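> Knowing the structure of chain C, use the given hints to seat chain W on it.
There are 2 protein chains.
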Amino acid sequence: MKVLIIGAAGMIGRKLAERIGADGGIGERAVDELVLADVVEPQAPAGRVGNVKTLAVDISVPGAAKPLVAERPDIIYHLAAIVSGEAEADFAKGYRINLDGTRDLFEAIRAEHEASGYTPRLVFASSIAVFGAPFPDRIPDDFALTPLTSYGTQKAICELLLADYTRRGIFDGLGLRLPTICIRPGKPNKAASGFFSNILREPMAGQEAVLPVGEDVRHYFASPRAAIGFFLHAAALDTANIGPRRNLSLPGLSATVGNEIAALGRIVGERAVKLIRREPDETIMRIVSGWAPDIEARRARELGFQAETSFDEIIRAHLEDELGGTAAV
Amino acid sequence: MKVLIIGAAGMIGRKLAERIGADGGIGERAVDELVLADVVEPQAPAGRVGNVKTLAVDISVPGAAKPLVAERPDIIYHLAAIVSGEAEADFAKGYRINLDGTRDLFEAIRAEHEASGYTPRLVFASSIAVFGAPFPDRIPDDFALTPLTSYGTQKAICELLLADYTRRGIFDGLGLRLPTICIRPGKPNKAASGFFSNILREPMAGQEAVLPVGEDVRHYFASPRAAIGFFLHAAALDTANIGPRRNLSLPGLSATVGNEIAALGRIVGERAVKLIRREPDETIMRIVSGWAPDIEARRARELGFQAETSFDEIIRAHLEDELGGTAAV
Chain C
7 MKVLIIGAAG
17 MIGRKLAERI
27 GADGGIGERA
37 VDELVLADVV
47 EPQAPAGRVG
57 NVKTLAVDIS
67 VPGAAKPLVA
77 ERPDIIYHLA
87 AIVSGEAEAD
97 FAKGYRINLD
107 GTRDLFEAIR
117 AEHEASGYTP
127 RLVFASSIAV
137 FGAPFPDRIP
147 DDFALTPLTS
157 YGTQKAICEL
167 LLADYTRRGI
177 FDGLGLRLPT
187 ICIRPGKPNK
197 AASGFFSNIL
207 REPMAGQEAV
217 LPVGEDVRHY
227 FASPRAAIGF
237 FLHAAALDTA
247 NIGPRRNLSL
257 PGLSATVGNE
267 IAALGRIVGE
277 RAVKLIRREP
287 DETIMRIVSG
297 WAPDIEARRA
307 RELGFQAETS
317 FDEIIRAHLE
327 DELGGTAAV
Chain W
7 MKVLIIGAAG
17 MIGRKLAERI
27 GADGGIGERA
37 VDELVLADVV
47 EPQAPAGRVG
57 NVKTLAVDIS
67 VPGAAKPLVA
77 ERPDIIYHLA
87 AIVSGEAEAD
97 FAKGYRINLD
107 GTRDLFEAIR
117 AEHEASGYTP
127 RLVFASSIAV
137 FGAPFPDRIP
147 DDFALTPLTS
157 YGTQKAICEL
167 LLADYTRRGI
177 FDGLGLRLPT
187 ICIRPGKPNK
197 AASGFFSNIL
207 REPMAGQEAV
217 LPVGEDVRHY
227 FASPRAAIGF
237 FLHAAALDTA
247 NIGPRRNLSL
257 PGLSATVGNE
267 IAALGRIVGE
277 RAVKLIRREP
287 DETIMRIVSG
297 WAPDIEARRA
307 RELGFQAETS
317 FDEIIRAHLE
327 DELGGTAAV
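Sequences listed follow chains C and W, in order. Using this note's numbering, the first residue of the first sequence is number 7, and each one after it goes up by one. Using this note's numbering, the first residue of the second sequence is number 7, and each one after it goes up by one.
Just so you know, these hints were derived from the structure itself, not from any lab. Every value quoted in this text rests on a predicted model; they were computed, and no experiment measured them. Worth double-checking, as some hints may not be accurate.
Note that the list lumps identical chains together, so a pair holds whenever it fits in one copy or between two copies.
Subject to a maximum C-alpha distance of 25 Å in a straight line, what follows is the list of computed SDA-like cross-link-like pairs (lysine to any residue) [to be verified]:
(1) 99 - 178
(2) 99 - 173
(3) 196 - 333
(4) 99 - 122
(5) 99 - 124
This is chain C alone, in the form it adopts within the complex:
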């Protein structure tokens, strides 16, 4: 089986490629060719996949997807996007990359489909940013898409395209609305959501972290490990009986900042908790107040998607996957 990952240099893309490399396949099917593309050339993972290609491709250039699709991968992961803050800061760039880049990929598949009957599985990384306040405490699967950012708008539009191309039989698509990923590895960044990860990751590395909101702030999370699990599950899923609604709110953990901190104390210790410095930030509080506190994700759970059920699990996953099992504090 041949697998293409577009956006393979990002955090999720890299981990997904590493996992496929380590497993040598997805589910019960062996992967014999793995093509990794991103705007900067991705790194090839170690592992058991024979043929790995790494390509620098800018999908916002019209026609750029065509040669990727011409190799007729069985599974296409489309993870490439610019992030929420950048799409908000640069209107045209956000639409060019996040919408036109996706549509160009879908059109390349349509051309190949019409030429040869090619119908790949396509797994698209969407986001809970397709939802915008006000919403119920627990957002049901059939809730309206009312994004409050250009990023969320672009993801919602791509979801609609994905459903229509799938209904037409052009590809077999699944859109995955990812919860906020926590704990993100790497350095603190300026994303408004960064603190959810920072207040765990930095103390576990012996560093101070800033908490800009109150402990009662509630949001919806899954670990990077769970996210990779979603993408693997989506590639292997039997879609025969799923029907035309192909964009799924994924399972996650609804938890407060207080829940995060309590779990940090339990799993790592009070020395870690003491490294969290309270520094209230009205701007971040306002932004975060518009985010989803909980999502029902009933269909995705019924379809076998799984996420963590406590922050203890999320912290243990980070310890095991990023820190070799031991915190530095």
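Showing chain W alone in chain C's frame:
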């Protein structure tokens, strides 16, 4: 005030132009210039608007909207689209006209906005085709967009764009999800929804009409007169406190085919009812079974949009507006 109608040669566009011409304005504001554009040059209406321009413009040609926007109309009605059946039959054409044509218009407004601060009111004709079964008996305002046609997908995508451009302050947009228009004037057509109008209009003209479904089929309607009222109301509405959800399910009448026929009997007489010939059609039955039986439209009603509350009213509107008050039977 300057008003532009794109799609002015269609049934709604023509009636809207005639009404603005007759009234000489919209709400309390006089219209001194009316620009009518369509892929075929629209007819100028009679009336009290001084300056009327009629233009043949194909909005699916990139850049075609630019000269229309350069005249800086205060109100832009965007009604141009190919219909559901054609968008389903020709995938590329549907996206080119219904999506790219709309986006090109929105981008032309953005260029003018960025150059000069221009921020028109934009009223977009959307459709209840943005909803797809299964849905509740009465679709609430915050129900998911799950279209089951390419036409509905294109309308839903344009709704998302409209909301984002409005949130950005580029224009002041309102998307109107029209109920099925009944009684459509003119000849019977091959649209699956055609019979809802045919079984009233044809008998009122002394002609036989075919009913392909059972009398218990329920759907959601508004008259052409109500539709024109929606568009006039949307142009005059104070949007200051509407918030970011700019696409409205509009009020309509939820009624069965049996309700239609009973009203025809009451208003026109049993001679008219006898002209309806039952000829069951499995294909049409199946298509219609996926259509919305009722829509809540709470926000639009609160914002002052109004539709008929009985088929008696809908039939009387047709008698007055199309037949000079008297049926031919």
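> The structure should be examined with respect to each hint, and the outcome stated for every one.
Hints versus structure:
In this assembly of identical chains, residue 99 and residue 178 lie within 25 Å of each other by CA distance solely across copies; the values are 22 Å between and 28 Å within a copy. In the homo-oligomer, the alpha carbons of residue 99 and residue 173 lie at most 25 Å apart only across protomers (17 Å), although the nearest pairing inside one protomer, at 29 Å, exceeds that limit. Taking the closest pair of Cα atoms, residue 196 and residue 333 come within 25 Å of each other only inside a single copy of the chain (24 Å); across copies the shortest separation is 69 Å, beyond that limit. Taking the shortest alpha-carbon separations for residue 99 and residue 122, only the inter-copy value of 21 Å comes in at or below 25 Å, while the best intra-copy value is 33 Å.
For a Cα distance limit of 25 Å, the shortest separation of residue 99 from residue 124 across copies, 22 Å, qualifies, whereas the shortest one inside one copy, 31 Å, does not.
Against the hints set out earlier in the document, no violation occurs for any number.
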